[in-house]
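**Student:** Top line first, the protein sequences correspond to chains A and B.
In terms of numbering that gives the first Met the number 0, the first sequence is residues 0 to 451.
In terms of numbering that gives the first Met the number 0, the second sequence is residues 0 to 386.
Among these hints, one or two may not hold up.
As the list claims (entries may be wrong) - Among the chain A residues that face chain B by a calculated CB cut under 8 Å, a handful are: (1) Ala129; (2) Ala176; (3) Leu272; (4) Lys412; (5) Asn416.
What the hints assert, rightly or not - List of simulated lysine to any residue pairs, SDA-like, C-alpha gap at most 25 Å: (6) A:Lys180 x A:Lys198; (7) B:Lys227 x A:Ser92; (8) A:Lys256 x B:Gln232; (9) B:Lys357 x A:Gly35.
No lab work stands behind these hints, which were simulated from the structure alone.
Note that the coordinates shown come from a computational prediction; the quantities given were computed from them, not determined experimentally.
Just so it is clear, CB atoms sit at the ideal spot from N, CA and C, and this is done for glycine as well.
Take a look at the letters that make up each chain.
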Amino acid sequence: MNSPKFAVVGHPNKGKSSIVATLSHNDSIEISKRSGTTQQAQCFEIKTTHSSYELFDTPGFQRPSKVLAWLKNQAKSADKRSQAVQKFVDDASCQQLFPDEIELLKPLTAGAAILYVVDGSRPFGIEYEAEMEILQWTGAPSMALINPIENSQYVEEWERVLVQYFRTVRVFNPMEADFHKQMDLLNVFAHLQPQWAQKLKLVTQDLELKRLEQSQQCSIILARLLEDLCHHKTTQKVLSKAQANLVEPLLKNQYLKWMVNREQKAIQEMLTLYSHYHTQIHIEDMSLPHDLFDCEQWYLWGLTKNQLMTSAAITGAAAGSAIDLALAGSSLMLGAVGGGMVGLASAWLGANKLVDMRLQGLPIGGYDASFGPISHQNFPYVVIGRFLTLYQKISTRNHALREILDINPIDLKEKINQLEVSEQKKLHLSCDKLSHQKPVEDLNKILLQILN
Amino acid sequence: MNNTFDLHPLKLSWLIVSIGASLGFILSWGSLTGDAQGRVNLFHLLVVYMLIPILSIIVSLGSALFGKGLNLAGLLYAIPGLQRKSSPQWVKLRQYHLDKFWLLMQSQAAALAFSIASLLTFVFLLLVTDINFIWRSTLLDATDIFPFLQWIAKPWYFWQQAQPDFTLLTQTQDSRLLETHNVASNLGLWWKFILATQLFYSLFLRSIVFVSLRVWIHLTYENDFEIKLQKRQIKPDIREPASPNQSIITHQLIPPLVLNNWGQVPRKLISQNLRSTQADAENLSDEDLMTRYFIDEMISDPTATEAQQYNTISCTQKQLVLTRAWEPPLGELEDFLKLGCGYLCPMDWQGEQLQSLKQSDLEEWQRLLEQLPNWTLFVNKEYLPHE
């Protein structure tokens, strides 16, 4: 069975492209205040896991009265009307004279249903009648959408007119309609053509599942962001403390840049997840503490003192074991025990000397200048609060919108208070672990509660 | 300067690999040097080159698939002083659910290094010393062992010289008390069998596991939804509408004109719009005002009859065409305008009150008239957009 098809038609500049962008979740569709932006019918296939449907964005009517006059000349009785429309679409001279109407009617003659769009903030005009009459002539299943572009002042007036021509009339604002309203509209589409009902039902089910999946994926993006930001540090090996102090500003700069970029990366991922490829966001940078500089000694191969001692003990024990092996166990494993202890003691006592030693001119110890990580216990909450605000804005943003998204982080405390006590505890415990750079099991599941 | 979190899941830890290679070298050297006469127990070699590799593969894979993962790298990472599980790299591996399999891959790399080191040690010792392969058993004799050796050698059935030989097996049985070797030169003939055992059980099987793990890790990483999202981030091209030229606007009408109410503007609003353009219009009635401007009136909108349309088309006088500002100019209007000349006046109103035009609406009309040189856009100054 063919996919359900819907052609969005109407007067120019009444929000046809906006409706297609919102329903197809596609923000690359050109939407302009200028009329005549859409010059050719464009098909957008909305594919879901188990089903699909097609939406056609079409040019607006330009010469409806003349087209209607042409059609009336061709068909003198009602049974000839749809044939006259087909003839109009196929006629070479009509293609020259009425290119917009040809583009508009093509999908309808190919089996698409009609979604006729009008502006509910402006009054009905008699010139619309010709358009509606032409659409009636096609015999295609039809529905009218009143788009209250600026306000709803003339919605009732339009309803009175439209019910005379269309089976179903709905008010739908593509800029504001939330996900549920979009799903409701798809359910109404299903009634236009009974054989499409099953396919469209599958589409709505798939889209609802996808919505849930997107929330889960957002919780993973947030969990990874939190872990990365809480664990991140920038390091540089240097030979002396004086050198370490010199590189501090560089480390700080690089650290801050990385943190900002990492958050941007998560935002971009979330935008991509919701198919907002062109949305621009304005959000103030995170305020980060500036006292995160540290300087530690390092030894052979960049080991810390603890690592050096462990390595030395293992190496000593291994060498001792080899002696035990050679003596066929008669040493009662004293070689392994003794070797381990000698290794440990020599590392502990000699570690500091390694810092100043050189092997063929190369230093075998030095200092590790580092900036970060942030251990402030509030930091994870700040990150969550910012992400949550973005999530709420992005996940509910319609694809017809083009303006820059301005973000003011919300108060997270209120949102946390809405959680169950056990969930709150889990969240606080997780944030505490994160601020101490400790791993948190199932962090994304804990965060999902907040996103929901 | 090092920034953390640059994840390369296929990067090998050379420390772990070198531990594997060292173990391979030490164990092979220890097993192959044998006793003072250079005698090496065949069974010991089978333990090192076949039993240990196979068992370790089973244990590592089994524990990775069904448990937390028991392998060399895992054990090293579990040592308290050496552990790096709070390191950003490790955090990243955990985020992608690759931690367990990354350790397994490192262990397989270490095992491969073990095999290669063993092989090189074996070849080196074959070159520089005499290795006498013998076997000893208290309970088993050659007839018991031979089928087992044949079973081991099945994978390289095509390499006849590396297959076990029953006569050789009988001849190489050793006893520490009895002198059993008839032909001492036969004792070295097992080397091909041992080499094949190493190549297959130690090197080949391990290579398969190692390569499979690398492929699996690569695919898991590439199929992670976050990586896929990053690939999707390449922005599709968007058509930018070219900014069109716009016609100039006049605020004065020069009569006489023919009124053409294309947009069915209420009559009261027409005079209201004209009144403020005339300095002395305050004292004029609506009708007088209209008479001052218009010598005639015609209907030509799409609802007009054919006769009415014919009249307007044949009109040679300058016209004032009134339109609804918010309705974009249709082709029908453009077709009509091409046949005449005069002024076009878009008007916007709410109820019975005229209101300012919207900037975007005005630009629509400016754009239209830019292409029609016989027409001038007229907008009363009072109703210019405020934006």
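**Student:** Does asparagine 416 (chain A) hold up as a contact with chain B if the rule is Cβ-Cβ below 8 Å?
**Tutor:** violated, 29 Å
**Student:** Has the given pair, lysine 256 (chain A) with glutamine 232 (chain B), been kept, meaning a C-alpha gap of at most 25 Å?
**Tutor:** holds, 21 Å
**Student:** Under 8 Å, Cβ to Cβ, is where alanine 176 (chain A) needs to be relative to chain B, so tell me if that hint holds or is violated.
**Tutor:** At 22 Å from the nearest chain B Cβ, alanine 176 (chain A) fails the 8 Å test, so the hint is violated.
**Student:** Given the hinted pair lysine 180 (chain A) and lysine 198 (chain A), is their Cα-Cα distance within 25 Å?
**Tutor:** Given pair lysine 180 (chain A), lysine 198 (chain A) holds - Cα atoms ~19 Å apart, limit 25 Å.
**Student:** A closest beta-carbon separation below 8 Å is what the hint needs, so does alanine 129 (chain A) meet it against chain B?
**Tutor:** Cβ of alanine 129 (chain A) sits 6 Å from chain B, so the hint holds.
**Student:** Given lysine 412 (chain A) as an interface hint, is its Cβ closer than 8 Å to any Cβ of chain B?
**Tutor:** violated, 27 Å
**Student:** Take a quick look at whether lysine 227 (chain B) and serine 92 (chain A) sit within 25 Å of each other, Cα to Cα.
**Tutor:** violated, 49 Å
**Student:** Min Cβ distance, leucine 272 (chain A) to chain B: is it shorter than 8 Å?
**Tutor:** holds, 6 Å
**Student:** Going straight from one Cα to the other, do lysine 357 (chain B) and glycine 35 (chain A) come out at no more than 25 Å?
**Tutor:** holds, 18 Å
In summary, the numbered hints that this structure violates are 2, 4, 5 and 7.
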